[in-house]
Amino acid sequence: MSGYFDGPGPEATFRAHLAEGRFMIQRSASTGLHVFYPRVMMPCSGEADLEWVEASGEGTVYATTVTRRRPEKGGDYNVALIDLAEGPRMMARVTGIDPEAVAIGMKVRAKIDELNGAPAVLFEPV
Amino acid sequence: MSELTKLRGKAACVGAATAGCGEAPGRNATELMAEAVYRALADADIPLNQVDGLFAATAVHSMAAMSLAGHLGLCPKYSSGSNIGGASFLAHALDAAMALESGIIDVAVIAYGSNQRTAGGFRSVSEPMPFEAQYEPRNPITAYALAASRYMHEFQAVREDLAEVAVAARGWAGLNPEAFVREPLTIEEVVNARMISDPLGKLDCCLVTDGAAAVVLTRPERAKDGPQKPVYLLGAAMAHHHRMISEMPDLTLTAAGDSGPRAFAMAGYGPNDMDTVQLYDAFTINTLLFLEDLGFCAKGEGKDFVAGGRIAPGGALPVNTNGGGLSCVHPGMYGLFVMIEAIRQARGTCGDRQVEGANLCLAHGNGGVLSSQVTTIWGTGETL
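Note that the protein sequences, when read in sequence, are chains B and H. Mapped onto our numbering, the consecutive letters of the first sequence carry residue numbers 357 to 482. Mapped onto our numbering, the consecutive letters of the second sequence carry residue numbers 2 to 385.
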């Protein structure tokens, strides 16, 4: 019988899910609250009862910036903070539109795509 | 008497110095830090071998207090290299006050040094953030740009509001011979500068300079005998909510909202009593956030508060009177310079930029990505 703390940790588990094309976040069994990024226990309250659930992928842009980069190095790109429908916030990029067109309050949906050689959660406008 | 007020006034700054501000070619970070220590001890007229408490943090030493102790040949009874980013040195002042008051040490030195500019540019102290790094945030600026974007959205602020902060800082820098950039600056120039990370352009960002600083603290009994006017640590408090910007609960509300009120409570003074205000301005947005979170104006009113030169020379509230990280000096971790400007104003030695009757001076440090916040309040003997 394996205990709560046995086996791969939260980061390795998250990345293994991502490699399988699944965007998974954690939820506390007792409180029902969701958590991102992956943690060992519930932040603040400390419950060690986090289980993995599939994220809905629905989100809203909370803050956004355009990182200015020379065209020969790949050009400008967006970095944003996304509030997930389940509650937690995460850093990501909104792609599929001009980085300057990303606006606070914009509804976005997650997709998994490759970024810098590894699978990543990215968002596109709904 | 509460635990907090027990420490009030129990540490005094008796020596303060900077070294190598701007460009210091050919000198490494340890050497610059050691020079600042030499100058601060000379200012205090205290011999090196009496230093028994040593506090230091830099971007290039993993164990800065030990590296500095080794260079100086010191064997401290207490040392700390605690690194919470640019606010470290204000936290060290609280540590030093506790160590002095407890009797563990008699003479504390807090030091910092960096040769980042001549060594090739900005060097972050930070490891990559595990669930952010893949998106390539260019921290720290990405984090501050995200905060600025949220602030502008929530409070209908525009880039000209942020620019007001840079223009005020430059006004003060023009009065400070130690400032690295002193030419007058206009709102238009700030807004038209090259964009780095929207909405922050080049002139919304701090300088990249070399520089070192050190202060000497003793118990008040000894401070009275020194050659300098003692400046007392009346209040100090620290707080942090997050490490990564994606963990920050509300990007418009920093942990200065926690540290400020506790520091004021310890000091027995409030925002309206402050004669000068020194805030860690790594980016223009910082000054607005800290003025609000420390209680100088209400949340969202920072842009109106700073409008029309209110924090510039001749304005109602002198803020960042050395020119700040934006125009005076920013070697990577600027906190000790914030503290030294507060101390110099309270001493009354600031020359053209001296604020008349500056008896109570606030110095607020920031570290990481609006992460660590440490508020200190310094006062002359008559404020005790």
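It should be emphasised that the hints constitute simulated quantities derived from the structure, not laboratory data. Any given hint could be a false lead.
Said to hold, decoys possible - Distance windows between CB atoms, simulated:
#	chain 1	residue 1	chain 2	residue 2	range
1	B	E456	H	R244	21 to 31 Å
2	B	R465	H	T350	57 to 67 Å
3	B	P366	H	E128	42 to 52 Å
4	H	H243	B	R465	25 to 35 Å
5	B	R465	H	P131	20 to 30 Å
6	B	D405	H	Q157	39 to 49 Å
Claimed, not checked - Straight-line C-alpha distance at most 30 Å; calculated DSSO-like pairs for lysine-lysine:
#	chain 1	residue 1	chain 2	residue 2
7	H	K7	H	K225
8	B	K429	H	K203
9	H	K203	H	K78
10	B	K463	H	K300
In this text, all values refer to a predicted model and were calculated from it rather than measured experimentally. Note that CB positions come from ideal geometry on N, CA and C, so glycine has one too.
Requested in this report: Determine whether the Cβ-Cβ distance between D405(B) and Q157(H) falls within the hinted range of 39 to 49 Å.
Outcome: The hinted range 39 to 49 Å holds for D405(B) and Q157(H), with Cβ atoms some 43 Å apart.
**Report entry** Whether the CB-CB distance between R465(B) and T350(H) falls inside 57 to 67 Å
**Finding:** Holds, since R465(B) and T350(H) (Cβ atoms, about 60 Å apart) stay within the stated range.
Query raised in the report: Given the hinted pair K463(B) and K300(H), is their alpha-carbon gap at most 30 Å?
Result: holds (27 Å)
Query raised in the report: Does the alpha-carbon distance linking K429(B) and K203(H) stay inside the 30 Å limit?
Result: Judged against 30 Å, a Cα distance of about 19 Å means the pair holds.
Query raised in the report: Cβ-Cβ distance between P366(B) and E128(H): within 42 to 52 Å?
Result: With Cβ atoms ~18 Å apart, the hint is violated.
**Report entry** Distance restraint between K203(H) and K78(H), which requires alpha-carbon spacing of 30 Å or less
**Finding:** violated (44 Å)
Query raised in the report: Within a Cα-Cα threshold of 30 Å, do K7(H) and K225(H) meet the stated pairing?
Result: At roughly 20 Å apart (the allowed maximum being 30 Å), K225(H) and K7(H) satisfy the hint.
Query - Assessment of proposed distance window 21 to 31 Å (beta carbons of E456(B), R244(H)) - result: holds (29 Å)
Requested in this report: With respect to the beta-carbon atoms only, verify the hint that R465(B) and P131(H) lie 20 to 30 Å apart.
Outcome: holds (24 Å)
**Report entry** Supplied distance hint 25 to 35 Å, evaluated on CB atoms of H243(H) and R465(B)
**Finding:** Cβ of H243(H) to Cβ of R465(B): about 26 Å, so the range 25 to 35 Å holds.
Comparing the model with each numbered hint stated earlier shows that hints 3, 9 do not hold.
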